[in-house]
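Starting from the known structure of chain W, fit chain A onto it as the hints suggest.
Protein chains in written order, with this note's numbering: chain W, 1 to 296; chain A, 1 to 285.
Think of the hints as simulated: they come from the structure by calculation, not from any bench.
Backbone N, C-alpha and C define an ideal beta-carbon position, used for all residues, glycine too.
Each hint should be verified, as a subset may be incorrect.
Okay, the calculated beta carbon distance ranges per label pair [claimed, not checked]: (1) Asp285(A) - Arg173(W): 34 to 40 Å; (2) Pro2(W) - Gln162(A): 52 to 58 Å; (3) Arg102(W) - Pro25(A): 30 to 36 Å; (4) Arg11(A) - Thr111(W): 45 to 51 Å; (5) Gln130(A) - Arg173(W): 52 to 58 Å.
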Amino acid sequence: MPTPMIPHDPDPHEIAYLRGGENEVTRSVIFALVQKGLLQISQQGKDHFVGQVAEQKERRSLSPIERRTLDWFTQPQKTSEVFHSGALASQLKPFCSAYEQRLKSEQLLTTDEMRLRARMVIVAGTLAILGLGAYKLLIALSRGRFNVGFLVVLSVAGLILLLLVCRTPRVSRRGHEYMERLRLAFERLKYGAQPSQQPQAAGVQAFDPSMLLLVGVFGVGALAGTPYDSFQQSFRRGAAGDAGTGTGSSCGSSCGSSDSSSSSDSSSSSSCSSSSGSSCSSGSSCGGGGCGGCGS
Amino acid sequence: MAAAGADKVLRDLPALGVGLGFREPFRGDLFMHRDRVDFLEITADHYLDAPPEKLRELELLAEHFTLIPHALNLSLASAEGVDRDYLKKLARLVRRLDPPWWSDHIAFTRAGGVDIGHLSPTVFSEEAAQVIARNVAAARELIDAPLILENITYMLTVPGGQVSEAEFLRAVLERTGCGLLLDVTNLHINSVNHGYDWRDFLRKLPAERIVQLHFVGGHWHDGILVDSHSHPTPEDVWAVMDETLRRAPVKGVILERDENIPPFSEILRELDRARELGRKHERWD
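Only chain W is shown next, with the shape it has when bound in the complex:
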């Protein structure tokens, strides 16, 4: 199947889901609401809080997922809590399920059928390697030859190679190609983002769809040096301990060391969470800051 075209009206939240799962959707939706002046991020001591802006503006332009997220913030929440509690994730689950379904139907995410096919290849390949290895081993032993070390090493190497070739990461090859296409198309938006003149709270700016798309495609790390720099900083800090919560564990394959089970251990989650946001957004190791656990 050819890589899909870039849609006329790309959905930043869906792209965020493809890139990093629920956590990335959460970040992009919160960013959209901050941009629209409906949520704000405040700092108390070392902690950052997300809460509704006192005077709520027009809500009609909000998408359902944005409305649901806004409603969840009746009380200000610590940025880290947003990911830890799981409550917001459960609110967003129906939307994420819809994204998941659509992305799977486009074969941008690995489908159950793909996984099944890969498993069948692994089983067949394992049987073939082990069968052939055992056969050769028996013949060798029956002839009194015990120099079978190379055969054993070769069989193990074959099995490892098979598992590597047949692994099924969350994002399919087509999905990676599509993300690559999106990055190429929209990377110039980074340069269009005005550098911030002075540090400021992540508050209301004029809504700029290109900034939201930037977050969808590259993650909040792409906001470094923009007027929303403090947003990416607070989410980087706040989300440092959320590595792999929810289904945002897609980082596994591209970040290498992120572990979906290490949900609260920021220091061990991955190299991403302990490094600066910019290293995540560079796209070198994390696919443009796309790891669920990067906090960016």
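Positioned in the frame of chain W, the structure of chain A alone reads:
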């Protein structure tokens, strides 16, 4: 007979509508506003010896837009002929993109084997028209897609000319069978700097050969209007475009903004205005 054939080829070209001269800073915004940009003109020279990243960009653009290659350096007015290596690379690019047409300038950029790095005017003479026709014929040996030729601006008229610029353009188009890429900004700038009436100029051109337009704004420098591609299209140029669209079966117009690049919303406003003008004269939907 040959002229009739050329006219039919040009008449049958698809109406592309309103497009933009592609520059890298536009890329993100272009994909965000794909429904408001009908086609793109790429500078062919940027992709002839391009690194893989530029080729990926080209592939991405080609998959989402109709692309028109616009060459800068074929030097069609060079009496020494065209650079064969350059032409081969250009032909490879055009074949790869399979565009409805491609374009270059009625100018020379090379003389005596030296690259001038500038679009220089040729003398408005019968001999110069023959040179261009010969070079166009050489290009056609390798490139099947229709070629359209662009008028340039010039600070001084090259001595030795026998005809006016408009008559020269007409002669070139007749000899080559090419269409005209009429840069209405260049026409306006030349008319100001050389003191002639652009309406008279337009009347002397074969309207049926005008395939595409370029437009943008320049700036004044020491009493001379400079084609700097740096400002919004001025009202005078809109007037030239309106009249050209009225007279000629134009297939597409391209905004050529290179310098002093504004927010993309301003670019879109200019494209929208050009679209409305074309619609007024029923050149496209």
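Hint check:
{"no.": "1", "hint": "Asp285(A) - Arg173(W): 34 to 40 Å", "verdict": "39 Å, holds"}
{"no.": "2", "hint": "Pro2(W) - Gln162(A): 52 to 58 Å", "verdict": "55 Å, holds"}
{"no.": "3", "hint": "Arg102(W) - Pro25(A): 30 to 36 Å", "verdict": "32 Å, holds"}
{"no.": "4", "hint": "Arg11(A) - Thr111(W): 45 to 51 Å", "verdict": "50 Å, holds"}
{"no.": "5", "hint": "Gln130(A) - Arg173(W): 52 to 58 Å", "verdict": "56 Å, holds"}
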